[in-house]
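*Asks:* In case you want the letters, here they are:
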Amino acid sequence: MASSSTPKYNSNSLESSSSKRTLKDGTNWEQNEEIPRLPGETRVTDKDVIYMCPFNGPVKGRVYITNYRLYLRSVENDPVLVLNVPLGVISRIEKMGGASSRGENSYGLDITCKDMRNLRFALKQEGHSRRDIFEVLTKYAFPQSHNLLFFAFANEEKFSENGWMVYNPMSEYRRQGLPNERWRVTFINEHYGLCDTYPSLLVVPYNATDDDLKKVAAFRSRNRIPVLSWIHPETQAVIMRCSQPLVGMGGKRNKDDERYLDIIREANGQISKLTIYDARPNVNAVANKATGGGYEGEDAYPNAELFFLDIHNIHVMRESLKKLKDIVYPNVEESHWLSSLESTHWLEHIKLVLTGAIQVADKVSSGRSSVVVHCSDGWDRTAQLTSLAMLMLDSYYRTIEGFEVLVQKEWISFGHKFASRIGHGDKNHADADRSPIFLQFIDCVWQMSKQFPTAFEFNEQFLITILDHLYSCRFGTFLYNSESVREKEKVTEKTLSLWSLINSEKSKYTNPFYTKELNRALYPVASMRHLELWVNYYIRWNPRIRQQQPNPVEQRYMELLALRDDYIRRLEELQITNNSKIPNSSASSASPSQMMSQVQTHF
Amino acid sequence: MEFAELIKTPRADNVVLHRPFYLAVEGTLCLTGHHLIFSSRRQDNAEELWLLHSNIDSIEKRFVGSLGTIIIKCKDLRIIQLDIPGMEECLNIASSIEALSTLDSVTLMYPFFYRPMFEIVEDGWRCFLPDEEFELLSSATDEWRLSCINKEFSVCPSYPPVVIVPKSIDDEALRKVAMFRHGSRFPVLSYYHKKNGMVMMRSSQPLTGTNGRRCKEDEKLINATLRPGKRGYIIDTRSLNVAQQARAKGGGFEQEAHYPQWRRIHKCIERFNILQESLIKLVEACNDQSHNMDRWLSKLEASNWLTHVKEILTAACLAAQCIDREGASVLVHGTEGTDSTLQVTSLAQIILDPRCRTIRGFESLVVREWLQAGHPFQQRCAQSAYSNSKQKWEAPVFLLFLDCVWQILRQFPCSFEFNEQFLIMLFEHAYASQFGTFLGNNENERSKLKLQQKTMSLWSWVNRSEELSKFQNPLFEANSLVIWPSVAPQSLQLWEGVFLRWNRPSKFLDEAHEEMISIIKYNKELQAKVNALRRQLAQLETVDRMQENLRHTQLGIVSPLGSSSVSKLHTVSAEAGTLTSTQLYG
Chain A
1 MASSSTPKYN SNSLESSSSK RTLKDGTNWE QNEEIPRLPG ETRVTDKDVI
51 YMCPFNGPVK GRVYITNYRL YLRSVENDPV LVLNVPLGVI SRIEKMGGAS
101 SRGENSYGLD ITCKDMRNLR FALKQEGHSR RDIFEVLTKY AFPQSHNLLF
151 FAFANEEKFS ENGWMVYNPM SEYRRQGLPN ERWRVTFINE HYGLCDTYPS
201 LLVVPYNATD DDLKKVAAFR SRNRIPVLSW IHPETQAVIM RCSQPLVGMG
251 GKRNKDDERY LDIIREANGQ ISKLTIYDAR PNVNAVANKA TGGGYEGEDA
301 YPNAELFFLD IHNIHVMRES LKKLKDIVYP NVEESHWLSS LESTHWLEHI
351 KLVLTGAIQV ADKVSSGRSS VVVHCSDGWD RTAQLTSLAM LMLDSYYRTI
401 EGFEVLVQKE WISFGHKFAS RIGHGDKNHA DADRSPIFLQ FIDCVWQMSK
451 QFPTAFEFNE QFLITILDHL YSCRFGTFLY NSESVREKEK VTEKTLSLWS
501 LINSEKSKYT NPFYTKELNR ALYPVASMRH LELWVNYYIR WNPRIRQQQP
551 NPVEQRYMEL LALRDDYIRR LEELQITNNS KIPNSSASSA SPSQMMSQVQ
601 THF
Chain B
604 MEFAELIKTP RADNVVLHRP FYLAVEGTLC LTGHHLIFSS RRQDNAEELW
654 LLHSNIDSIE KRFVGSLGTI IIKCKDLRII QLDIPGMEEC LNIASSIEAL
704 STLDSVTLMY PFFYRPMFEI VEDGWRCFLP DEEFELLSSA TDEWRLSCIN
754 KEFSVCPSYP PVVIVPKSID DEALRKVAMF RHGSRFPVLS YYHKKNGMVM
804 MRSSQPLTGT NGRRCKEDEK LINATLRPGK RGYIIDTRSL NVAQQARAKG
854 GGFEQEAHYP QWRRIHKCIE RFNILQESLI KLVEACNDQS HNMDRWLSKL
904 EASNWLTHVK EILTAACLAA QCIDREGASV LVHGTEGTDS TLQVTSLAQI
954 ILDPRCRTIR GFESLVVREW LQAGHPFQQR CAQSAYSNSK QKWEAPVFLL
1004 FLDCVWQILR QFPCSFEFNE QFLIMLFEHA YASQFGTFLG NNENERSKLK
1054 LQQKTMSLWS WVNRSEELSK FQNPLFEANS LVIWPSVAPQ SLQLWEGVFL
1104 RWNRPSKFLD EAHEEMISII KYNKELQAKV NALRRQLAQL ETVDRMQENL
1154 RHTQLGIVSP LGSSSVSKLH TVSAEAGTLT STQLYG
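The listed protein sequences derive, respectively, from chains A and B. The opening position of the first sequence corresponds to residue 1 in this note's numbering, with each subsequent residue numbered one higher. The opening position of the second sequence corresponds to residue 604 in this note's numbering, with each subsequent residue numbered one higher.
Quick caveat, the hints were computed from the structure, so don't treat them as lab data. These figures come from a predicted structure and were not determined experimentally. Treat the hints with caution; some may be incorrect.
Claimed, not checked - Calculated pairs, DSS-like style, for lysine-lysine (alpha carbon to alpha carbon, straight line, at most 25 Å):
hint : chain 1 : residue 1 : chain 2 : residue 2
1    : B       : 1073      : A       : 450
2    : A       : 450       : A       : 506
3    : B       : 993       : A       : 581
4    : B       : 902       : A       : 325
5    : A       : 450       : B       : 902
6    : A       : 322       : B       : 902
7    : A       : 488       : A       : 139
8    : A       : 95        : A       : 427
9    : B       : 902       : A       : 323
10   : A       : 427       : A       : 506
Turn these sequences into a full structure, and let the hints steer you where they fit.
*Replies:* Put into structure tokens, the structure is as follows:
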């Protein structure tokens, strides 16, 4: 009784509310059009189907497919049910049932999505009715497998802001106070000759020559040498990132690498040991020796201390998220919710990533010691750790623009393999390279924003939007694996940046509670007790979790702020009226403008 | 008895106080009849800790050489440690605390000695009287009457002197019904739903026994609440099994044959030791200091606390649903009608009635549905999660109710006038307080203790503007709708504000609180300026009354800023200010 009666308590279904959202989505309804379209989006086909809604049962509707999205509108329901799914989120399309299968609605298509949901459509059995729709969907959902371009290359949207201008490596390093007498900018990788997965511009110790760098590259997996990610403005301690050293079974050593790490240690005048954080569990690091990798041994690096951070690899994370999806979609595991959640280990992985990042940040800030962070290749766990540590240490990255810079820098430019991890436009859904590493990072950011509600300029919608377009392929931002490929594909010339969309409509993504605060390190509590499942993301398709309105607190606060501004304006008017009534008076109270500034300083 | 007899060592120096997330502090420990007082000697930042003995749930002592350590576990779930030099001093202090924290006579409790240091604006003992409640009801319907049948507590010892019953049922009939209900708790009005005239009543179980006794007057009484041709719902807070077993002990439930117009629904809300054990397990998990937190979620689940929250909320939703959606009247009872019954009736009112979501309305709800309705606070809240005594009548029934309210508050953050702190405050005072409000088990006992004359009411203190401002929700926007909470597992959360309160660093919360105070102060200045300007304007207006007519249009612009707008200005800015802390606490 308890559980069966509860769905009634929640009346609004997600599908109906999403129809409102699509209109604000930057898309236009054209006259005589059945569906919203983006500039550059073209209609391909449409068909009558039955949408097997996991929450409300079968829904008759018409599905429209464009080169960007799958759009379904119900024909009988009131209010109209709408599904609006960018084809980029599709991971797998399967045919269910055969021409002869019995049972109602047993013939059709099963679509698995990358964003924690599945879609199922039933079609009429006669005349191979699903063949054409299956082919069209497969073609446009997996353009890479069909020698087609991503929709991002066809997108003709116009924005008032140009997101490609957000990140300029040179100005970001300048913001950090670089180069200086100890750190220099090198163009050695200008044509990606040193390392094809690194950006062209790198910051390295002043005392290391380009020749040294080349020698070090030979000893680091995929030539990903230790380079600077962030420098502490006061302690001058730095966060360096790289890949594992190629130690191998024989325990190879490399004098240049050893000397290079020592130069890093000395660069902030540090006499104590250099700290190396290996993100992997100890056993995995040892096992990597078998494939030629490994970690910095004590004998070879006497001036360094090595710590393992016990973060598991991409395969473990992928399985964990899969388990999480199993317990939240379509139905939430009711009877043993907490222990089921625990058995996915998702929050535990989040905890380990956050704990690792806290250690890195604390070492640099309180320990005043430079750190080197790496895992195996230095593009997954390493990116998580450096970017989260930077987010904890540098309040700039907690602004909207700063966060965009952070993602652009630590993830996109340093070669997190977005194409492989997400599988953009690729039909190979079982690819072992896929893994939700970036999602995990965003989850960590969300956990931090929960614990420090006033510290971030952006809101939850900002994070969810980033994740939506991580898959959508509407923007070029997350396409391809590295800067060198992006340059070859002319991404900045031929596609739009996600930041154009966001920065053109900043107010939508702004956290009203944000209080600007400079240079304070934020250390979240990474204990399991204080981590929460991000229900608004992982369970957002379930109509039962919707609250009375999307963000009641935030909306109410905005209303109150507007009201306050209104009162201040009236107070000002009142004062002007008063002053005008007192001839030649030097009014006893402060002038309106003074008041205004006072008011603002508090917020 | 003199407290001095119990205090062998009234004072100890060089005591070190340890609390989680604070540096250890050295200072002096003093014991008085009702307080443990620790004051630090640090010049820069002297601080004092006052702890009511009645707040102490358990005490442990251990020795290393001559250095004794006392670990004090409180009913508000905090744990502190005191290092006391000298074995004898430590033993003396420990035994004094033990004796003083377990005084068996109510009249020795602190409320009987407490002298308020504030001016009483409104006597809390005179608020929320049944007559006022009845007056409100009378404006909507005339089908009910106020009965003084229980004036001397002669009919039902756990009911208040006056109760609201159907007009058509006379006192004689009530007396007969009382004989038929457990503890004489005959059905009385709990809530009248103005929207459709449906009602919620509460009572205890009927004494049908194994041979199916019936009572015509009882049937007549509850049928009197039905509209012609309409059916009602009886929500029994016990499972059918438990209700059937109750017949062997003389209790039972309403049989269909005798109550044909009523549909009975059984819900399973746990009571007594099951709840107490759940609380103990939960608090154990929350205090687990071991590094390995892998099993946190399993432990949280194994405590079953959130399951209890879910069951109670589900039953309350059901009651509210019957009334609001089905348009039916409801009778709620369990066994005694003093625990799960009250959880359901009071939560259903929060769901249905916007008034209960205001501060005043919620206070009134606590008074009506918990204090006057005879929830045995003294028994239920005698001990909390750390006590070893395990008396069978101890149970966190009221805390569970507050937790359920918090869950709804979390889901509807703008619909409540009060904030989380208000609920935490009520939790603290239910277990240990300087006020008499939660003493005694029912109105009968309270009147014998002469609490009204001898102690101060919690409401006298809370309802002063200085205190109220701490408990106001800055985001409150009156919501006249029925609010349906979700009871899905991912919608229910652990109430960190109570259960992890002492296990989280409070630095950011404290900072946010300070920020809030400074903003409120600033807003007061701003308001003073507005007032001064208004006075100035008014003066000018009286002086220049003739010229004023000429400037009539000009005044039109400023006139909207009347007194009500000005006071709003204050609230709005103050609201904006408190927000950061609310957010952090939330």
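*Asks:* Taking the hints in turn, state whether each one holds.
*Replies:* Hints versus structure:
For a cut-off of 25 Å, the pair hint linking residue 1073 (chain B) to residue 450 (chain A) stands: about 23 Å separates their Cα positions. The hinted pair formed by residue 450 (chain A) and residue 506 (chain A) meets the criterion: a straight-line CA distance of about 20 Å does not exceed 25 Å. Restraint check for residue 993 (chain B) and residue 581 (chain A): the C-alpha separation of about 75 Å exceeds 25 Å, so the hint is violated. Restraint check for residue 902 (chain B) and residue 325 (chain A): satisfied, since their Cα atoms lie roughly 22 Å apart, inside the 25 Å limit.
Taking the CA atoms of residue 450 (chain A) and residue 902 (chain B), the gap is about 23 Å. The hint holds against a cut of 25 Å. A distance of roughly 23 Å separates the Cα atoms of residue 322 (chain A) and residue 902 (chain B); the hinted pair therefore holds under the 25 Å criterion. For the given pair, residue 488 (chain A) sits about 24 Å from residue 139 (chain A) by alpha-carbon distance, which is consistent with the 25 Å threshold. For the hint linking residue 95 (chain A) to residue 427 (chain A), the alpha-carbon distance of about 14 Å falls within 25 Å, and the restraint holds.
Between residue 902 (chain B) and residue 323 (chain A), the direct Cα distance comes to roughly 20 Å. Compliance with the 25 Å bound is thereby established for this hinted pair. Straight-line distance between C-alpha atoms of residue 427 (chain A) and residue 506 (chain A) comes to about 34 Å, which puts the hinted pair past the 25 Å bound.
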